[in-house]
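Visitor: The chain contents come next:
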Amino acid sequence: MAEYLLVESQGSYAGPGAEAFLGDAVRLARAGHGVAVLLIENGVTEGLAAAGPAVGRVLAAGGEVWADAFSLDQRALSAQRLAPGVRAVEMDEVAERLLRPGVRGVWH
Amino acid sequence: MAGLLPRADVLIAIMGAPHTGDLVTSAFRLSQALLARGARVHLWTCGHATGLTRQALGPAKPRNVVDWAREYPTTAALAAELLAAFPTTLHWYACRFCSQERGADAHIPGIRLRAPFKFTEHLDAADKAFFLGVC
Numbered sequence: 001m002a003e004y005l006l007v008e009s010q011g012s013y014a015g016p017g018a019e020a021f022l023g024d025a026v027r028l029a030r031a032g033h034g035v036a037v038l039l040i041e042n043g044v045t046e047g048l049a050a051a052g053p054a055v056g057r058v059l060a061a062g063g064e065v066w067a068d069a070f071s072l073d074q075r076a077l078s079a080q081r082l083a084p085g086v087r088a089v090e091m092d093e094v095a096e097r098l099l100r101p102g103v104r105g106v107w108h
Numbered sequence: 001m002a003g004l005l006p007r008a009d010v011l012i013a014i015m016g017a018p019h020t021g022d023l024v025t026s027a028f029r030l031s032q033a034l035l036a037r038g039a040r041v042h043l044w045t046c047g048h049a050t051g052l053t054r055q056a057l058g059p060a061k062p063r064n065v066v067d068w069a070r071e072y073p074t075t076a077a078l079a080a081e082l083l084a085a086f087p088t089t090l091h092w093y094a095c096r097f098c099s100q101e102r103g104a105d106a107h108i109p110g111i112r113l114r115a116p117f118k119f120t121e122h123l124d125a126a127d128k129a130f131f132l133g134v135c
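Protein chains in written order, with this note's numbering: chain A, 1 to 108; chain B, 1 to 135.
Be aware that a few hints might be false.
Example chain B residues on the side facing chain A (calculated, C-beta under 8 angstroms, incomplete) [said to hold, decoys possible]:
(1) L4
(2) L5
(3) D9
(4) G21
(5) D22
(6) S26
(7) L30
(8) A39
(9) L82
(10) F86
(11) F130
Here are the computed lysine to aspartate or glutamate pairs in the EDC-like style, where the Cα-Cα straight-line distance is at most 16 angstroms [claimed, not checked]:
(12) K128(B) to D9(B)
(13) K128(B) to E96(A)
(14) K128(B) to E3(A)
(15) K61(B) to E71(B)
Since the hints were derived computationally from the structure, they do not count as laboratory data. Computed from a predicted model, the values in this text were never measured in an experiment. Quick reminder that beta carbons are idealized off the backbone N, C-alpha and C, glycines included.
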C-alpha cells in the first residue's frame, strides 16, 4: 500500500475543489493506503471545529489531518479551535514526511 | 539526458501565479525545511512564477508608507539567500519560454534557464515531484 501526503491549500471558500480533494483522501484511506492531509494557507479553515464534515470523514477513514501552524497564526486562528483529531504541525514535520521513501505528495 | 542534471530528492514545481495567495511563502518554507534536513531540492518556476527571481526586482521591495523604516526583501533576494545557504543541495531552474514571454529572462545569479521540453528530465532526476498550483 502506498503512502500519501495530500496538501489542501484552498479550502471550500474557493470552490468545490477542496471537498472533492478531501473526498479523494477518504477513498485512499478506505482503500488501505496511508494518508496524511496537510491543511495549509486558506485550507486551514477546513480543520476548524466549526467547518464542514469533510475533514471528519478523513479522520473516520483512518487518515491523519494536520493544520499548518504558520497558516493558523497568519489568520489569527488558535490551534484550540481545530476539530478534535486535527493536529497543528510545523513545516519541519511536513518535510520529514515528504522525504520518507515511498510517500507521494499531491498539492491542491 | 537526466544524467546531466544533479539528482534531487524532491522537485518542487511552482506553477501557480505567485501573487494570488500564499503559494510563494509555502514554497519557500517547504524548500527551506527540506534543505535543512539535508535533502537535495530542485525548484522549477513556470508561468508568472518565473518573475520571482527577476534581476530587476533588486534587493528590497518599494517602501511601505505605513512602515517607512522597515525594509522588505524581494523574492529575488530571498531566493539568493536560499541559494547561498544551500549552494550544493539547491538548484533553481526557470522555464526559458515563460521567462522570455514575460521579458523576465534576466534572472539573479544561480538561476538556470531551461527549455520547457526539458522538464521531463527534471522529473527523471528527482525521486518525487511536488506541483504547486497550475500554470
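Visitor: State for each hint whether it applies.
Guide: Hints, verified against the model:
1. Given the 8 angstroms rule on beta carbons, the hint for L4(B) is violated: about 24 angstroms separates it from the nearest Cβ of chain A.
2. Given the 8 angstroms rule on beta carbons, the hint for L5(B) is violated: about 19 angstroms separates it from the nearest Cβ of chain A.
3. A hinted interface residue such as D9(B) counts as satisfied when its beta carbon comes closer than 8 angstroms to some beta carbon of chain A; here the least separation is about 6 angstroms, so the hint holds.
4. For the restraint placing G21(B) at the interface with chain A, the shortest Cβ-Cβ distance is roughly 6 angstroms, inside the 8 angstroms limit, so the hint holds.
5. With a least beta-carbon distance of about 4 angstroms to chain A, the hint placing D22(B) at the interface is held under the 8 angstroms criterion.
6. For the restraint placing S26(B) at the interface with chain A, the shortest Cβ-Cβ distance is roughly 6 angstroms, inside the 8 angstroms limit, so the hint holds.
7. Using the Cβ-Cβ criterion of 8 angstroms, the hint placing L30(B) at the interface with chain A is satisfied: the shortest such distance is roughly 6 angstroms.
8. Against a cut-off of 8 angstroms between C-beta atoms, the interface hint on A39(B) holds, since the closest Cβ of chain A lies about 6 angstroms away.
9. Annotation: L82(B) was flagged as interfacial toward chain A, and the flag is violated, the nearest CB pair being 14 angstroms apart, outside 8 angstroms.
10. Given the 8 angstroms rule on beta carbons, the hint for F86(B) is violated: about 13 angstroms separates it from the nearest Cβ of chain A.
11. For F130(B), the suggested interface contact is upheld, since its CB lies about 5 angstroms from the closest CB of chain A, less than 8 angstroms.
12. Distance check on the hinted pair: K128(B) and D9(B) sit about 6 angstroms apart at the alpha-carbon level, within 16 angstroms; holds.
13. A C-alpha spacing of about 14 angstroms is found between K128(B) and E96(A), which places the hinted pair at or below 16 angstroms, so the restraint holds.
14. At most 16 angstroms may separate the alpha-carbon atoms for a hinted pair to count; K128(B) and E3(A) meet this at roughly 13 angstroms.
15. A C-alpha spacing of about 7 angstroms is found between K61(B) and E71(B), which places the hinted pair at or below 16 angstroms, so the restraint holds.
In this structure, the hints that do not hold are numbers 1, 2, 9, 10, in rising order.
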